[in-house]
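Q: Below, each chain spelled out in residue letters.
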Amino acid sequence: MRAVLALLFSTLVFAQNPHDTPADRAAGAKMFRSHCGPCHGTKATGGTGPDLTTGVFYHGSSDAELYHNISEGIAGTAMPDVFFDGTQVWQLVAYVRSLSQHATPAAPKGNVQHGAQLTREKGCTGCHLIRGEGGARGPDLSIIGSQRSLEHLRESILEPNAKVPQEYWVAKILAKDGANYSGFLMNQDTYMVQILDFSRGLTSVSRSNFKDFGIDRGSVMPSYKGKLTDAELDDVVAYLASLKRQKGGAE
Amino acid sequence: MQAQITNERLLKADAEPQNWLTYSGSYKSWRYSALDQINKNNAKNLKVAWVHQMPTSHRIEATPIVVDGVMYVSEPPSNVFALDAATGRPFWHYKRILPAKINVCCDAVNRGVAVLGDRVFLGTVDAHLVALNAKTGAVIWDIEVADSKTGYSVTGAPLIVKDMVITGVAGGEYGIRGFLDAYDIKTGKRRWRFNTIPGPGEKGHETWGSGNAWKQGGGPTWVTGSYDPELNYIIWGVGNPSPDWNADVRPGDNLYSDSAIALDADTGTLKWHFQFVPHDSNDWDAVQVPVLVDSDWQGKPRKLIYWAHRGGFYYVLDRVTGEFLLGKPFAKQTWAKSLDAKGRPDRLPNSTPTEEGAIIWPGVQGATNWYSPSYSPLSGLFYLTVWENKGLYLKGEPKYTPGNRYVGSVPDIDVADDPGYGAIRALNPKTGEPVWEYKMQTKPWSGVMTTAGHVLFGSNGGWLSRGREDMEAYFFALDADNGKELWRINLGGTMASNPMTYMVNGRQMVAMAAGGAVFTFVVE
Numbered sequence: 001m002r003a004v005l006a007l008l009f010s011t012l013v014f015a016q017n018p019h020d021t022p023a024d025r026a027a028g029a030k031m032f033r034s035h036c037g038p039c040h041g042t043k044a045t046g047g048t049g050p051d052l053t054t055g056v057f058y059h060g061s062s063d064a065e066l067y068h069n070i071s072e073g074i075a076g077t078a079m080p081d082v083f084f085d086g087t088q089v090w091q092l093v094a095y096v097r098s099l100s101q102h103a104t105p106a107a108p109k110g111n112v113q114h115g116a117q118l119t120r121e122k123g124c125t126g127c128h129l130i131r132g133e134g135g136a137r138g139p140d141l142s143i144i145g146s147q148r149s150l151e152h153l154r155e156s157i158l159e160p161n162a163k164v165p166q167e168y169w170v171a172k173i174l175a176k177d178g179a180n181y182s183g184f185l186m187n188q189d190t191y192m193v194q195i196l197d198f199s200r201g202l203t204s205v206s207r208s209n210f211k212d213f214g215i216d217r218g219s220v221m222p223s224y225k226g227k228l229t230d231a232e233l234d235d236v237v238a239y240l241a242s243l244k245r246q247k248g249g250a251e
Numbered sequence: 001m002q003a004q005i006t007n008e009r010l011l012k013a014d015a016e017p018q019n020w021l022t023y024s025g026s027y028k029s030w031r032y033s034a035l036d037q038i039n040k041n042n043a044k045n046l047k048v049a050w051v052h053q054m055p056t057s058h059r060i061e062a063t064p065i066v067v068d069g070v071m072y073v074s075e076p077p078s079n080v081f082a083l084d085a086a087t088g089r090p091f092w093h094y095k096r097i098l099p100a101k102i103n104v105c106c107d108a109v110n111r112g113v114a115v116l117g118d119r120v121f122l123g124t125v126d127a128h129l130v131a132l133n134a135k136t137g138a139v140i141w142d143i144e145v146a147d148s149k150t151g152y153s154v155t156g157a158p159l160i161v162k163d164m165v166i167t168g169v170a171g172g173e174y175g176i177r178g179f180l181d182a183y184d185i186k187t188g189k190r191r192w193r194f195n196t197i198p199g200p201g202e203k204g205h206e207t208w209g210s211g212n213a214w215k216q217g218g219g220p221t222w223v224t225g226s227y228d229p230e231l232n233y234i235i236w237g238v239g240n241p242s243p244d245w246n247a248d249v250r251p252g253d254n255l256y257s258d259s260a261i262a263l264d265a266d267t268g269t270l271k272w273h274f275q276f277v278p279h280d281s282n283d284w285d286a287v288q289v290p291v292l293v294d295s296d297w298q299g300k301p302r303k304l305i306y307w308a309h310r311g312g313f314y315y316v317l318d319r320v321t322g323e324f325l326l327g328k329p330f331a332k333q334t335w336a337k338s339l340d341a342k343g344r345p346d347r348l349p350n351s352t353p354t355e356e357g358a359i360i361w362p363g364v365q366g367a368t369n370w371y372s373p374s375y376s377p378l379s380g381l382f383y384l385t386v387w388e389n390k391g392l393y394l395k396g397e398p399k400y401t402p403g404n405r406y407v408g409s410v411p412d413i414d415v416a417d418d419p420g421y422g423a424i425r426a427l428n429p430k431t432g433e434p435v436w437e438y439k440m441q442t443k444p445w446s447g448v449m450t451t452a453g454h455v456l457f458g459s460n461g462g463w464l465s466r467g468r469e470d471m472e473a474y475f476f477a478l479d480a481d482n483g484k485e486l487w488r489i490n491l492g493g494t495m496a497s498n499p500m501t502y503m504v505n506g507r508q509m510v511a512m513a514a515g516g517a518v519f520t521f522v523v524e
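Chains as they are written, first to last, in my numbering: chain A, 1 to 251; chain B, 1 to 524.
You may find that some hints are simply not true.
As the list claims (entries may be wrong) - For lysine to aspartate or glutamate, the following EDC-like pairs were computed, each having C-alpha atoms within a straight-line distance of at most 16 Å:
(1) A:Lys211 x A:Glu232
(2) A:Lys172 x A:Asp216
(3) B:Lys399 x B:Asp248
(4) B:Lys328 x B:Glu433
(5) B:Lys186 x B:Asp248
(6) A:Lys30 x B:Glu397
(7) B:Lys101 x A:Glu159
(8) B:Lys399 x A:Asp177
(9) B:Lys40 x B:Glu433
(10) B:Lys271 x B:Asp296
(11) A:Lys172 x A:Glu159
(12) B:Lys439 x B:Glu397
(13) B:Lys303 x B:Glu230
(14) A:Lys30 x B:Glu355
(15) A:Lys30 x B:Glu356
(16) B:Lys101 x A:Glu72
(17) A:Lys43 x B:Glu356
(18) B:Lys271 x B:Asp340
(19) A:Lys43 x B:Glu524
(20) A:Lys109 x A:Asp197
(21) B:Lys162 x B:Asp118
(22) B:Lys439 x A:Asp189
(23) A:Lys172 x A:Asp197
(24) B:Lys189 x B:Glu230
(25) B:Lys149 x A:Asp216
(26) B:Lys342 x B:Glu323
(27) A:Lys163 x B:Glu356
Hints in this document: simulated from the structure, not taken from any laboratory.
Chain A with its partners taken away, still in its complex shape (with noise of 0.2 Å):
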């Protein structure tokens, strides 16, 4: 037992990843098709749980802060705790490794400073939230960049419509006393819908009290296909992946 505790010590010490081979690489997606992808996402890309894609990672980047996460899991977090012996997690760190390694060549050609301009003039900021400015209309994006893939961020701008998360639905309810309300969909239950109603703010409304009700999966936000030229769309896609996770910083 003690020889076994020192090889790990050791191995975690020098984060020197013993299982990293082709071989390895690809019993690791194979393991994070069936074990990690139902949050994490088939491609890792994100889901329930966040993008492994990226390279950036929130609990900790280092191969031996990848394995501990792994094996022991993450507390405060719905990340589990060990499904695999050691083997196993060093070839699932191997693979989750690999993934942001193909990624990091993909940098953004844009120009950030120019970037961060056009997303006040062209509006973004109207809905968005970034870093303390902004509006409450759409996702707050002033980490985005630790969040989502460029190819997302490019898809997300000219087509709004291709992954609207489910706080952005919209729903819409005609009452029985003739009221319109219109506003996210927050939640659902037996008896009540819960709304950020785009003129009243927080709002409950009884289901008894429906005469019409109806939610709309697509998105709020217009298309900026032909509203931006390449260039400006490169420079805003720079800028939104310059927006990090900051480490110490409150997120």
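Given the structure of chain A, go ahead and fit chain B onto it with the hints provided.
A: Here is chain B on its own, set in the frame of chain A:
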């Protein structure tokens, strides 16, 4: 006046509805009370009587036991409170010191205690069984049921049978070899053990292939069963085979996983079994409470068991022989084409996990689960909590190491684009036909109780600790005859247990746990 609980009182628990003496209310496990002070006419006036907050961050899955004005309720992981049942004020608190690492799949929970004589019995997540003094909470004996380091735990409420404490084990996600145990009330010495996975030379061993899969075959027993004193049979449900979602390593039917078993209460020998899902790779445990009813069956009186199984079929079994009498889906299912004359499913294609992921109804948590059903002799109906839902079943490569999860994959429980819904359903137990439904937005994690007041108590309280703001937390009363809502209250926390009722100082009280608290209700 507090009298001691005797075996005689347990056998006639129905005769003293002011108390709630076993997990399911009686050995027949109807979760039905003859109390009618709260009834369909006045249930609209239900009010909170008292609340007992527990210093726990775990889910409460316990059904309280009430004996002559004292409530014994476990606090998760493995503690016990004795409360004044009239006021909720605690008399004593047993707090167990646990090892740093506990091997439980799905939170460190406990489903309640058992009581006999001057003793309270508790199973613990470190896989011990403890006898406490009912007046003080002092430990009388404390024995190890199994080695918790290898994945065993005890989460179910024990059942008292004669001078024995019967307990099952959990650990179906850790590759345990499951069993049901009987211990001497006085000494804690083991009387018998029934291994739910037969060893070499035992009947059923041949259903595990020629390798060593049986050693880590699972078959846990984590929900309290029933007892038939006339037959002297203990009837209990057995959980999933291990690993859960990859059956390749265990070719064969994998007896007695996913089965109902009947054991001779004195010896623990198997009298019969009925397997709901042979060679399961969907995690459809048979950990439901067996509901024992003596009734007319096709013109002749017969000893029956009503059983709504996690896979989505409602069954009627003969209690003497285990013979299959009826099987009918009570929810959407896409895995069985039909059941044959012996109740064995004819499986449909595409109904097992795959590497790419297979969508199958019901989902991983089943069409129902461990939470209790109810049978009312007044309405003659069988009531249960139902999930109408599908799941994404993935298949990966399991590898057994002691104390680690041995599951084969992580399935997707809530398919985002189609999460399904929950319902309380009433079935005609003779045919399995639905009689009424109370539909909900979300999928509950709690069972039902019925009373002589023609009231059904239930909840749509989901598992809020998973960080799901869109889950709901209402406790409600329905008209048991037609499913119409009589009353509801938002208790604002996870409800993952079963309602019960009792009477103290002439007032009927209904108890339900939500979040970290036990709530009780009365009609003023």
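Q: Hint by hint, note whether the structure agrees.
A: Verification of the supplied hints:
Restraint check for Lys211 of chain A and Glu232 of chain A: the C-alpha separation of about 45 Å exceeds 16 Å, so the hint is violated. A C-alpha spacing of about 8 Å is found between Lys172 of chain A and Asp216 of chain A, which places the hinted pair at or below 16 Å, so the restraint holds. Among the hinted pairs, Lys399 of chain B with Asp248 of chain B is consistent with the structure: their alpha-carbon atoms are about 12 Å apart, no more than 16 Å. Simply put, Lys328 of chain B and Glu433 of chain B have alpha-carbon atoms about 8 Å apart, close enough for the 16 Å limit, and the pair holds.
For the hint pairing Lys186 of chain B with Asp248 of chain B, the CA-to-CA distance comes to about 44 Å; that exceeds 16 Å, so the pair is violated. A C-alpha spacing of about 8 Å is found between Lys30 of chain A and Glu397 of chain B, which places the hinted pair at or below 16 Å, so the restraint holds. Restraint check: the Cα-Cα separation between Lys101 of chain B and Glu159 of chain A comes to about 48 Å, which exceeds 16 Å; the hinted pair is violated. As the CA atoms of Lys399 of chain B and Asp177 of chain A are separated by approximately 61 Å, the hinted pair breaks the 16 Å bound.
Proposed proximity of Lys40 of chain B and Glu433 of chain B is contradicted: the alpha carbons are some 24 Å apart, above 16 Å. Note on Lys271 of chain B and Asp296 of chain B: the hinted pairing is violated, with a Cα-Cα distance of about 23 Å set against a maximum of 16 Å. With a C-alpha separation of about 22 Å, the suggested pair Lys172 of chain A and Glu159 of chain A falls outside the 16 Å cut-off, and the hint is violated. A distance of roughly 38 Å separates the Cα atoms of Lys439 of chain B and Glu397 of chain B; the hinted pair therefore is violated under the 16 Å criterion.
Of the pairs offered as hints, the one joining Lys303 of chain B and Glu230 of chain B holds, with about 10 Å between alpha carbons and a cut-off of 16 Å not exceeded. Simply put, Lys30 of chain A and Glu355 of chain B have alpha-carbon atoms about 8 Å apart, close enough for the 16 Å limit, and the pair holds. Distance hint between Lys30 of chain A and Glu356 of chain B is fulfilled; the C-alpha atoms sit about 10 Å from each other, no more than 16 Å. Among the hinted pairs, Lys101 of chain B with Glu72 of chain A is consistent with the structure: their alpha-carbon atoms are about 11 Å apart, no more than 16 Å.
As the CA atoms of Lys43 of chain A and Glu356 of chain B are separated by approximately 12 Å, the hinted pair is consistent with the 16 Å bound. Proximity of Lys271 of chain B to Asp340 of chain B is assessed by CA-CA distance (about 22 Å); at most 16 Å being required, the pair is judged violated. Of the supplied pair hints, the one linking Lys43 of chain A and Glu524 of chain B is violated, its CA atoms being roughly 58 Å apart against a limit of 16 Å. Between Lys109 of chain A and Asp197 of chain A the alpha-carbon distance is near 39 Å, which puts this suggested pair outside the 16 Å criterion.
With a C-alpha separation of about 15 Å, the suggested pair Lys162 of chain B and Asp118 of chain B falls inside the 16 Å cut-off, and the hint holds. About 11 Å separates the Cα atoms of Lys439 of chain B and Asp189 of chain A, which keeps this hinted pair within 16 Å; it holds. The straight-line distance between the Cα atoms of Lys172 of chain A and Asp197 of chain A is roughly 9 Å, inside the 16 Å bound, and the hint therefore holds. Of the pairs offered as hints, the one joining Lys189 of chain B and Glu230 of chain B is violated, with about 26 Å between alpha carbons and a cut-off of 16 Å exceeded.
Between the alpha carbons of Lys149 of chain B and Asp216 of chain A the distance comes to roughly 50 Å, so the proposed pair goes past 16 Å and is violated. Only pairs whose Cα atoms come within 16 Å are accepted, and Lys342 of chain B paired with Glu323 of chain B is accepted, the gap being roughly 7 Å. Restraint check for Lys163 of chain A and Glu356 of chain B: the C-alpha separation of about 22 Å exceeds 16 Å, so the hint is violated.
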